[in-house]
Amino acid sequence: MIDDDSKTEWAFESRCRARRTVVSSLTEDEELTEILKSYSSNKVTTTKYSFLSFIPKNLFEQLHRFANIYFIFLAALNFVPVVNAFQPEISIIPILLVLAVTAVKDLWEDYRKHKSDKFINGLVCEIYSRLIHSMYVDQRWQDVHVGDFVRLSCNEIIPADMLLLYSSDPHGVCYIETANLDGETNLKQRQVVRDLPRQVCENFHSRIECENPNNDLSRFRGFMEYPSKARVGLHNNNLLLRSCTIRNTETVIGIVVYAGHETKAMKNNNGPRYKRSKLERRLNVDVLWSVVLLVIMCLTAAIGHGLWLRNLKDTSFLIPDTTSPALSGFYLFWTMIIVLQVLIPISLYVSIEIVKLCQIFFIQNDVDFYNEYMDSRIQCRALNITEDLGQIQYVFSDKTGTLTENKMVFRRCTIAGVEYPHEENARRLEVYEEDEAMGCSHTLKSRASAKSLSCKSLSCNRSSVSLHTLTGHSEGEESPSPTLPRHSAFSSPMEKDIVPDPFLVQKLNCLSSPLFLLRDASMELTYIVDFFMALAICNTVVVSSPNQPRHVVRSTRFGLPRFSTLSSPHTTESPRSFTRRLFSRGKAASFTPSPSPTPTKLGTEPDGEPNLEASILSIRPGLDGVPGEDGDQGYEEEGEHELIYEAESPDEAALVHAARAYRCTLQGRSLERLLVELPGMGSLAVRLLHILPFDSSRKRMSVVVRHPLTNQVVVYTKGADSVIMDLAESPKGAEQSDGRQGHIREQTQKHLDNYAREGLRTLCIAKKVLEEEEYEIWLKRHAFAETSIENREELLLESAQRLETNLTLLGATGIVDRLQEEVPETIEALQRAGVKVWVLTGDKQETAINIACACKLLRTTDQLLTANCDSKEACKALLLELRAEVERGEAAEGTSGFTLVVDGRTLDFALQEDLKGDFLELSRRCRAVVCCRSTPLQKSHVVQLVRDQLRVMTLAIGDGANDVSMIQVADVGIGISGQEGMQAVMSSDFAISRFKHLRKLLLVHGHWCYTRLANMILYFFYKNVMYVNLLFWYQFFCGFSGSVMTNSWVLIFFNLLFTSAPPLLYGILDKDVSADTLIKLPELYKSGQNSKAYLPSTFWLTMLDALYQSLVCFFIPYFAYAGSDADMLSFGSPINASALLIILLHQVIESRTLTWLHVLVLVGSALFYFSFTLVFSVVCVTCSPPTNPLGVDKLQMSQPLFYGVCALTTVLALLPRYTHQQ
Amino acid sequence: MMASSYNAKEEDRHQPGATGHVGSGTMTNKMPDNTAFKQQRLPAWQPILTAGTVLPAFFVIGLLFIPIGVGLFVTSNNIKEFEIDYTGVDMSSPCYSCSQSYSWNNTKSCTCSVPFSLDQPFESNVFMYYGLSNFYQNHRRYVKSRDDSQLNGDKTSLQSPSKECEPYRSSDKPIAPCGAIANSLFNDTLELYYIDPNGSRTAIPLVKKGIAWWTDKHVKFRNPSGNNNLTVVFQGTSKPVNWRKPVFELDPSDSDNNGFINEDFIVWMRTAALPTFRKLYRIIQKKPNNMTPTLPRGEYILEVTYNYPVRSFDGRKRMILSAISWMGGKNPFLGIAYITVGSVCFCLGLVLLSIHYRYGKRNSADISS
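Here the protein sequences come in this chain order: R and B.
Those letters in the first sequence? Residues 1 to 1222, by the numbering used here.
Those letters in the second sequence? Residues 1 to 369, by the numbering used here.
By construction, these hints were calculated from the structure, which means they are not laboratory data.
Small disclaimer: the values here were computed from a predicted structure and weren't measured.
Some hints could be false.
As the list claims (entries may be wrong) - Per the computed footprint, the stretches of chain B lying under chain R, defined by three or more beta-carbons under 8 Å from a beta-carbon of chain R, are: (1) 132-145; (2) 210-222; (3) 273-280; (4) 341-354.
Cβ coordinates follow ideal geometry from the N, Cα and C atoms, glycine included.
Kindly produce the complete structure, drawing on both the sequences and the hints.
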């Protein structure tokens, strides 16, 4: 088999290159076993710490925070004898407390992770073992290694990334559900490695070479070398990803290639996001100011001490030493830093974290964000930018799925230049809309039963709960089948029951009636048939039947060999041959009316032919689905003729449903074949040659099939109209058809414009017939592209582009995507709140404008400015011109506002370095901006430009993968957990289910979070400055020697315990304005936008107030006790007590709400202080030297003077603030 | 299920582990509890600071504070206090010579007599203080320079005092009591004589016990136990550098006032808060069953044994005689402050009231709009 040389070579290669080699773990080769061992095992540990490493590691991590370093520095400073201010032990209390609190938090989080890890590692799967009877034995996940063979049954979860080697499916296909990975619940097809010899397990001697582990979920490149040295390319669709679920396949066997932390799922698993909020940046500035203040105070004391010392000689109270006054002053500087350390609000950072967590708790628990249809609440993924929600100035919104439902419903179409308005369909949609408005709470109940049903019907250990909790459910419609609540999104009656246009039906019926003879009609008929054929097959829709959830209809049962043998005897030749001719004419574009033989047994009834009924391919009436002759037992049951389409995007589903309404039904799909039912022709098996999937740069997708009737290779392409219209060039040398094509293009374009104006999403459908040789050439290069490891994506893209040329335009579709509820209200509220709303969409300009009108972004009084240009110069001129216009308009004051509409190309120019200034200047003056035809990259560029250049707070909201970059760039990214998977949600800071939630999220929670946090931060600064200044004033009366008049425990605890809880509660619960008022008056939001609650002036005013209060709080006791026999602690006692009262009552004045919780905490804090000092003054006999508090507070609190001083101080200190509040 | 329940997602989910185990059948409803707390609808008292609630507060404070202030002021004024500076800065001062020729090491004490007269008699108990000025007993290093365990009678601390006491920790033997505070103990002796109109001097009895805090005397300060003979107890220690006599000879006549529990010493050890302070020295008790005042009007002589040097740092020494009321010694400040703050509040209330009446309508219109 393998010679030694090549083996060592592999071993060498796999070590050195960015590749990995995988062989069966059963190999006896030592060296290869070594290589396998070098890969990480499947045990996952997401915990940061182990039992032993917790303390050192956690400490190390915490020491990375600057604040903690500062704390430790102070604590260490206190151990230096010449500068120490307190007992060294006391000064380490704060740092210990902060570290401990953080450590406990980390420990708790880590423990939760540990529990979940343990659970996952302990899951069981079947692994092939040679030791135990050469059979599959149960193993825990953590014991799975690279190279192991794993056998999985239906609905089991994949334990590691593995290559699919065997599937019980005869076509080597298996389906996985990636909901656990990205939240998409549609099934994805995976395929056994091509041309794999039957060599499973025991005699598996192939070698797999693949990339090193990476986090790209959609890419896997490598090849497998068989013992015969033949190589086969490995793609993403050979790979089963960890944590996905096997569906619809009885058994699969795979070989593990990546395990544990090297799996793509784990590589993609990033923790929560950390962003720094605007308020925090502002806060950091003020912390710096505090530092400056601290240094000034310490310098004052240091200089004062130096001067004071110089004037003194030979005193009995000075300890004789030889240090010069200057040096003493220097030492004192550091002492003072220790004494006044509280000025830097260290605990502020911890407090902010706690407060934000609580704010998030409240946001998450808001009932208004609960979506009962999806059973989902808001998800807060970023934990520390809650207050940014209150300062948003620009909102960038995606359109589809964000403003709209993203429930695509086929509305109308144009085929071969003829418009079919589908009036009935429009009426139907209106009815649904009304229905929905009536309310649809009945769905919940039905879904509840649906869930239990679906659970019962499952034999395997599938956890339906996880599935449903992870992903959203559709809203608004009753589930069509009791088993699949999730799929109501794609197959609700509204989307499904399309009423066909009678005219079109009539035309289509010609196919099965003698009327087809009419020449023009026939020509048109080819177009129509092709059009619906394309709708039905040009997609990646997976078909399944409802009663057997997640089980794909076994289209494979209708394999081609069988099909052909069966079909010929049962169906008459004539209609097919006719149609074939029809198609060949169409393809050759030289249609001539050929008098074809009259079909002998043509199905005249659209409902089907009695003759065919006996055959497998019988056509059931109407919307009936696949007949289940020899399928699973469930197929035989009654009343389940329906098919369920699961599409990656709702558009696709809508189109397939539309095709089905015209009885062009997609009945099944396997890897190589599609089963399509055509009217009058019965089920046809279409050989699927290639799928060129959709990508955002091509903006189209294609399928290459062998046409069942003509046996030609046909390319069906579906894509954005702009792209397809360009590609759809008329075939050369065919005059007649050219003219026709030209006409069709012209007409179609006209219709497309109409559709767009109506706000419909448009898609163009085109086809191309390939000559065999042409196909062969293309195929070769395509195969090369597919197997190459490097640059595969580029090559594939190029290959696809090569194919998609010279298309024949068939027609276009218009799809309705309704606005979500309350979108206009939300946008209006946002605009009233001073938030500028931009819509960035990939849609056409007309569609975008239409939607903008519908959601009141554009008002009728607004002046619309459109910017479409082809060159940079033109763009520049246009921008200037528009700006002039805006200025004129502003001067005139006639119009209420301007709305700028930019298309993608213009945007490209506008975003360039030299034009962006003009562009911003223009857009800044506009009330709203709509960017259409923009790519994901442009979206993020726009957001970035606005954010950086205008220095504003931006929020981006979107639901799809194309919004991810924009969401990440914006200060606040919001994902809508809708129907396009979870990518947007995964990259967002907050995930909501409806656009309307944005209103409360910003106007209420954003406002609250911001004001609360801002007020709390100011309060913290106030509190610290106020208290620390008391100590500073005392320096003037103790020779600037760094003495304090307080017991050092009380001093340390004052900030840490006695006055820490009330501000936290203040930051969590205070409500300056009620929620109702905030919703009613969006204008109130502006205060947050302008950072009103926390302006520099507010900061300095607060500082001044703190200074005043500290002066009062110090000097009233000073004069009251001046010249008396009061000792230091007795002097400090009333000062402390009144400082506490002032600080607490200050908060009462500042709070806008007081609940029993506030009262509890405030009273509790005060009681805590007084009881602590009292007990301390009784119990502490020799502790805490030199400021031993024995008897001090007890004595003080028994004297009326104490209360007299406290009352006077408190009242006088709070007088200005109280008057000001008034 | 749980294959992907890693951190980020897990946090988003409600009860991540449980849902999986509870498993099939149960429907997890993620609807948040509609409780007042979670929906932030707790019944709250909103202290809406409007004229209606604020103005009364001003008047109430004003009306409360002014009488209190008046009361305090009157009380303070009724307290008689007499103060005499005996530092001897002036040439004319009787203690001038003592103050000039002084150092800690003087063995011979210098005495001087300061005559003074009381214009008004002291009726009740009189507290006799000595006062020091410009004496920073609150200096950080001075304050620290003591050993509370030693003073509490701890034997090990007696033999090896705390490092804080440096450089007054030990001379050749450990110093008891150690530290700078003890070392700088005020050691002037003050005696008071009443000069009868007929010229004879009557010594006024000065009580030297009861001047320290009860907790200090009985809890905080303790002589090392074991032996009643303090001389034995303090054997192996030396006296503080500036002291003339060791700690066990502070009051040889009274064992309850000797050693660490000597009250003069205890009082000194309670460091004063401010550089100008007074400390209780003696109490002159009202004579029982006698209608004559404690200190009648007339001439007095203060006999000072001048030991304590203060001239080097511009210090001052005073002797103070003062009566005491319920709110302490004589201090008019608090009364005046109360009256002032009370009047300010009252005036503010009036001003605000007038503003309220003049502009009130407009303000309320602003609020409601």
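Against the structure, the hints come out as follows:
no. : hint    : in the structure
1   : 132-145 : holds (count 11)
2   : 210-222 : holds (count 6)
3   : 273-280 : holds (count 8)
4   : 341-354 : holds (count 5)
Checked against the numbered hints listed earlier, the structure breaks none of them; every hint is satisfied.
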